[in-house]
Each structure stands twice: as structure tokens, then as C-alpha cells.
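Taken in sequence, the protein lines are chains G and V. Under the working numbering, the first residue of the first sequence carries the number 1, and numbering increases by one thereafter. Under the working numbering, the first residue of the second sequence carries the number 1, and numbering increases by one thereafter.
Note that these hints are calculated values from the structure, not bench results. All C-beta atoms, glycine included, are put in the ideal place defined by N, C-alpha and C. Wrong hints could be hidden among the right ones.
To be clear about the criterion: a stretch of chain G counts as covered by chain V if any three or more of its residues have a C-beta under 8 Å from a C-beta of chain V, and this derived list gives those stretches [unchecked claim]: (1) 45-55; (2) 61-75; (3) 104-112.
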Amino acid sequence: KNQVEQSPQSLIILEGKNCTLQCNYTVSPFSNLRWYKQDTGRGPVSLTIMTFSENTKSNGRYTATLDADTKQSSLHITASQLSDSASYICVVEGGTASKLTFGTGTRLQVTL
Amino acid sequence: GAVVSQHPSRVICKSGTSVKIECRSLDFQATTMFWYRQFPKKSLMLMATSNEGSKATYEQGVEKDKFLINHASLTLSTLTVTSAHPEDSSFYICSARGPVNTGELFFGEGSRLTVL
Chain G
1 KNQVEQSPQS
11 LIILEGKNCT
21 LQCNYTVSPF
31 SNLRWYKQDT
41 GRGPVSLTIM
51 TFSENTKSNG
61 RYTATLDADT
71 KQSSLHITAS
81 QLSDSASYIC
91 VVEGGTASKL
101 TFGTGTRLQV
111 TL
Chain V
1 GAVVSQHPSR
11 VICKSGTSVK
21 IECRSLDFQA
31 TTMFWYRQFP
41 KKSLMLMATS
51 NEGSKATYEQ
61 GVEKDKFLIN
71 HASLTLSTLT
81 VTSAHPEDSS
91 FYICSARGPV
101 NTGELFFGEG
111 SRLTVL
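Pulled out of the complex, with its shape left as it was, chain V reads as follows:
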């Protein structure tokens, strides 16, 4: 099946720094990717929809300036957590629709962010 890769899988940073997480579709093109946040023992919460070549669509309550999303190519979307604070510590997951129009959604492995 289609593969979605995230990098890094784990990152620890100091408060106030910015962290970039990459999401790549390895063997297919993805015009749309999705970014989620997941707290411990909770389900995934959609943060934003990343659209290739245009601005991302953010869910209500998600700060656009805090979570910068760039989808510059058909295989790469990035999420940058700007001026990270401890409350931004979380598990971030991306997903993309598969290459065949079955509606199948493929998820990345997730990125664990810890802000000290």
C-alpha cells in the first residue's frame, strides 16, 4: 500500500524555539494532506488540511501563526510549531489520501514533540 513518512519521529526542543515536522508521500502524489494532534489516551484531533500550492485550511481553535503549514510540492507537507511552549508537547500525525480514488487514508508514523 501507499506509504506516508514523517520526520523526525521524536524531537525535544527548548521553549521558544521553532520545530519543523515533515510529512512525505513516498510513492504517490498527494494534493491534500492532513495534520492531526493527539494527546495521551485520546483520539486524533484534526488541526488543518494542507493543500498543495495554496493556503492550508485550519480547524476552529487552531492558531495559524502558531502552526505554520506549507505544502510546496505534491509529495511534501511541513508543519512548523513556532515559538514552542511546553503545552505544545504532543504527538503530531499527518495523513494523505491514497493514490487511487478509494478514499483510503494513509497515516504517517507520527512525531513526538517534547518542549522543555
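Chain G with its partners taken away, still in its complex shape:
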């Protein structure tokens, strides 16, 4: 069964600190992996999308990594800001029908 698991489920960090969110998946065959940021009560916004051949991709203070061999991805947030408080969702596209499988998300709270 295609699954995407994220950890931690929630995280609280101080403003200015870095953090890393994890994503493990079992989707096969693999097409691409995406990270989205979702503010409370809003729709998700794309941060990065990586294909099989890409190991890392950055978008400002967000850097995603992908290890297709171990089926793991991480999202690193540098110098966190209060506005980074949101849910971060890992989504993997693939499987026999090329569907999107959503992770349950990591809820990040950045505090003063």
C-alpha cells in the first residue's frame, strides 16, 4: 500500500532556529515528491517538487532533500520566522495510477 509518513507530528521552535522535517514513503513506482506549506484555514502552497534524479532543491530558506534509494526526504528550514508557523505536507506522486499520496503533515510552531 502506498503510504507517506511524516515526523515529527508537531514541533515548536524558537524564532531564528533551524529545523528539519522528515518524510518517508513507500510509493512505487516513484514519480516525484513535493513539499507544501499550509497555513491554518488556507490552501497548500508549493515549496518544492523533486524528481528521481534530484537530491536537493532550495526555495529561499527552505531546502528539501531526497534519497530515492531509502525513500526518504527532509525539509530543512533555516533561520525560522514567525510566519513559518504552519503545517508542512509531504506529497508523493506515483503508483500504478500516478496518484498523489499525502502525508499527515508536521505542524510547526515558531515562537518568540
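With chain G held as given, fit chain V onto it using these hints.
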């Protein structure tokens, strides 16, 4: 980037009434749009795939007659929750593939439905 707009953003209705939610691709054509449902503190759950000019494809467990989807044009898909009940209260989100074939997916802002 491409913009997907949803309307209304919030709606409150009485039990038994029907509610229509619109999803528009503002600056590109979308032959396929997706409808999701999201419960509090949970991730998005795909309900159905909306195909322009043809019937929607529903995920297992989603009632076709309960959640009517119409994709009559290349820029508009609608989701109608028929005979709404309190358990239908949820956050509904649509998405569409971007105009360039990069696989990029753009989401609407979501619609919060509350059924009294």
C-alpha cells in the same frame, strides 16, 4: 505562478440544504481539477477527480450523489454538497495542474462549510 480561486471561502447552511462551491483557474485552462476534504489537524483526502466535459472520477467511499461535481468549462469546476448534514461540515479544497507540464499543482484557498 498560476492562480486557483475558490468561492465561497466560508459558508454556513441549514441541514438539508445544498451548497455549491466553485473552483476557478484564473489564468490558465485546467482540463483536470481535484477536490479534497480536510478534517481538523488532518491531511487532505482526495474525494474526486474532475474532468472537463466528462464525468468525475470518485474515490472509494465518496458518495457520487452526495457530492456532485461538474466541470463544464476549462476554467471552472463546481462541487455541490447535496442535502447537507452536520457531518458534512469540513474544509473543502480544490486543485489544478499548472499550465506548463511540470506537474505543478496549484491549490485553491479552500472553502469552510459549516452545516447547522
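Report the numbers of all earlier hints that the structure fails to satisfy, in ascending order.
The structure breaks only hint 2.
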